[in-house]
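Protein chains: 2
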Amino acid sequence: MDTLAAYKEHLRDIGKLGSALSLLHWDQRTQLPNGGQETRAEVVGKLTKMVFELSIADELGRYLEELEKREGLSEEERASMRVVGKAYRRNKAIPPDFYERFAIAASKAETTWEKAKERSDFLLFRPHLEEMVEYARQFAEYYGYEESPYDALIEEYEPGMTSRELRAVIEPLRQELVPFIKRLQEEGTPPETDFLRGTFSKEEQRSLSLQALRAIGYDFDAGRLDLAVHPFTISIGPGDVRVTTRFLVDDPLSGLFSSLHEGGHALYDQGIAPKLRWTGLDEGASYGIHESQSRMWENLVGRSLPFWDFFQPIFVETFPAFSGVPAETLYRAANVVNPSLIRVEADEVTYNLHIMLRFELEEGLITGKIAAGDLPDLWRDAMDRYLGVVPEKDADGVLQDVHWSSGLFGYFPSYMLGNLYSSQIFACAQKEIPDLDAHSTRGDFAPLLTWLRERVHRFGMIYEPKDLVKRITGENPDSSYFVRYIEEKYSQIYKL
Amino acid sequence: MDTLAAYKEHLRDIGKLGSALSLLHWDQRTQLPNGGQETRAEVVGKLTKMVFELSIADELGRYLEELEKREGLSEEERASMRVVGKAYRRNKAIPPDFYERFAIAASKAETTWEKAKERSDFLLFRPHLEEMVEYARQFAEYYGYEESPYDALIEEYEPGMTSRELRAVIEPLRQELVPFIKRLQEEGTPPETDFLRGTFSKEEQRSLSLQALRAIGYDFDAGRLDLAVHPFTISIGPGDVRVTTRFLVDDPLSGLFSSLHEGGHALYDQGIAPKLRWTGLDEGASYGIHESQSRMWENLVGRSLPFWDFFQPIFVETFPAFSGVPAETLYRAANVVNPSLIRVEADEVTYNLHIMLRFELEEGLITGKIAAGDLPDLWRDAMDRYLGVVPEKDADGVLQDVHWSSGLFGYFPSYMLGNLYSSQIFACAQKEIPDLDAHSTRGDFAPLLTWLRERVHRFGMIYEPKDLVKRITGENPDSSYFVRYIEEKYSQIYKL
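Listed in order, the protein sequences are those of chains A and B.
Mapping of the first sequence onto my numbering: residues -9 to 486, in sequence order.
Mapping of the second sequence onto my numbering: residues -9 to 486, in sequence order.
Chain A on its own, in the form it takes in the complex:
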């Protein structure tokens, strides 16, 4: 077989096992009866190992080496080799027994973290956290880096991003956001929300989510909506991108926005060109770019006035208790700003500050400037400075997120980058699509989705995030779009 054909066949094999693995994961979190957990873990372990072995197979190394010298490859073939080659080199750099020790330690750390969070006992978690930091530093050494070991880690989630660049983004952002939030709190008039109190059946909330997902263009012939404790979106293949959500009986909006968020992820995956299937390019350009799509549909669309002009009658039909409540009142209620302790409950104004705090702490851990034992105090101090709230217990502070216990360092910034990218991309869409708001008011989101498909989705991983943003918007990534969006929107809502 020709080397290029053999290379592609190898990726197809990885892709097929990957599709089976995705289904195993989806099922585990939505359908699996409790009695099947133990066997499922072993099956997932086996397939994961097989995929990993294929990703570092010697023959793959030979294909890459040979093809890198070859002329006349297409842009997609070159991009595939960029992505697959990088994963090959990074995975190959990790000694298998080191990786196995890490996996065992991470599993123990996660279990202990759960207990520690339950009891709000940081000291219980601390030795595991120290161990995870040590592993992360060692991973960084194996991967290699130019300036900071943290860069080697963030590369996994946001290719091409560095801690220097992140700091350059964060500093001005913080200088704008912290005082703005203070002004909102001190001078603003918070929206009315009391009218939202009540009990809302999950069946009716589900119907609402289905209608919202259909409206934004999620294709139910190529996906489905199920329940999960921690909502997620998963691509099992082209034509099979599944979303999950969860509903709170005392909150009619939370589940809806969770569905729109996951729907945004899903529109991205449903829009990746089918020809990229199993080429190594059939995923989002980065975690940050992926998050930009979920945040766009959740916040820039779902929490906008045009959306509520369209959605108010559907909302009222589902929950007649709200008849007579104007669209604008619902819109305002969906945009309450409330500096709080917990990241996953944060509104779009305060969210990034939760991330900045985590970035500073985890970067310090990885570079060695911060000791794990100092985290609880540093956490409280930063929360006070950024958001003016301080956790009374570590369960609501440093112990709230699972990431570090799983060894995920460098992941958090993706959430922030998603927010920043989303407003920059959306500003571009507003400029280029005539009467975008008028379309949304009519419930016609096709112009936006078509534009996103054309400009963002179809490319998958062909371009690195920075290049993609430049291709889409003609500009480098720029956080001022986010600041402008937030200040304009919330000055109006809070009547500053």
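The set of hints was computed from the structure by calculation and includes no laboratory data.
Among the clues, some could well be false.
Note that identical chains are pooled: a pair holds if it fits in a single copy or bridges any two copies.
[Said to hold, decoys possible] For lysine to aspartate or glutamate, the following EDC-like pairs were computed, each having C-alpha atoms within a straight-line distance of at most 20 Å:
#, residue 1, residue 2
1, Lys36, Glu193
2, Lys485, Glu104
3, Lys105, Glu350
4, Lys265, Glu28
5, Lys36, Asp3
6, Lys(-2), Glu32
7, Lys39, Glu(-1)
8, Lys39, Asp3
9, Lys485, Glu182
10, Lys82, Glu43
11, Lys460, Asp111
12, Lys(-2), Glu28
13, Lys76, Glu454
14, Lys59, Glu465
Model, not experiment: these values are computed from the prediction.
Go by the hints and put chain B onto chain A.
This is chain B only, laid out in the frame that chain A set:
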């Protein structure tokens, strides 16, 4: 690694991929959005090929060869080698390119069969049927046999069974059943069924099935109930045995019995000893033994008067329209005998005659005594002699079943054997469990389930079907139990 350990590890690898495949199949038939079908077929194809390659791997051949000489293996280890070794030799006997040609031909034959059935056009299907027969005959030659090529095929579904033995069972059975059905028709008083007319919501039927499954001891912590067009049961692993069913809005009983049938399969799989997982022995002893468990819970339990004594109040609570209808009336209505054209709609009295007809025809096809072109006439003739009804079109005759188009010859007898085994095993249970009927009347099926677990389920494939029946009942397989059960039950219901 020690050869025995290596052998077991090899089987565990097959088992893990098999578990993933089972989930892929379950999902395909219950959850998969339409857009995911194409990719799913490729993923299933890949994993199926991997499992097949492992099942004929040279190292497996070496392990088997070495272990067959070894002393001191446990009974289970020997049984594992019996089952795995047979599959190894049979699979190895088929040249890969022959198998590939067969798979392609079968796929085409199935597609054409669907069309032919739709149009009731046997001539359209005939060349494909001829081709499938040719393949089956060739498979038989590759597998090898002593007396009849048909024996080589039935071995796949009912190890140790031969066409000679089947004929010896069928002949007396037919001599009893055909005149008995005639008597029922001519002299019997059919049960009242008009009262069952109505519309019954699928949601309520589902609730009824859930209650019935819970009552018979199906463990929902180790399984789940979903909808499927063609109901099936699938074991994804110990602790994860899933059933499916379907509901007809104009029939409150059909879906319930479908659930009990699948529940019977599932109780078997849930009862296989967990230690047999991934040893090659973690399935039912044969298709016939498996069917004995589904038919037992569907018919000998579910269509019995004690069951309806227990279930009548639940049924009435779900469907208040039936309040006042006594248990016995429901019991009788669930046991209408109606010689009809379609096997899958047949009652338990006439069912076996549908199978005898198919056995005679397919055996004739494989031995060459019958030409495919003669099937429609032979079918009509046999239907007339056995059941007194004749299909007007081949869609309701020779074209009704998918099996032959998929190349499945030798499969049908399992359905009949299931019926025969079920009454023989149940008769033994009645003898050994004190007051079995009284327990059932109280909705207490634990004594029966415990007995079945102990005597049937836990062994998996350790014993071949004939040995297992002998172990359970102390007797060789014997069809007279079925005849006695049918004649006693239906003489009473039809007031002969």
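Taking the earlier hints as the rules, which of them does this structure contradict?
1, 2, 3, 11 and 14
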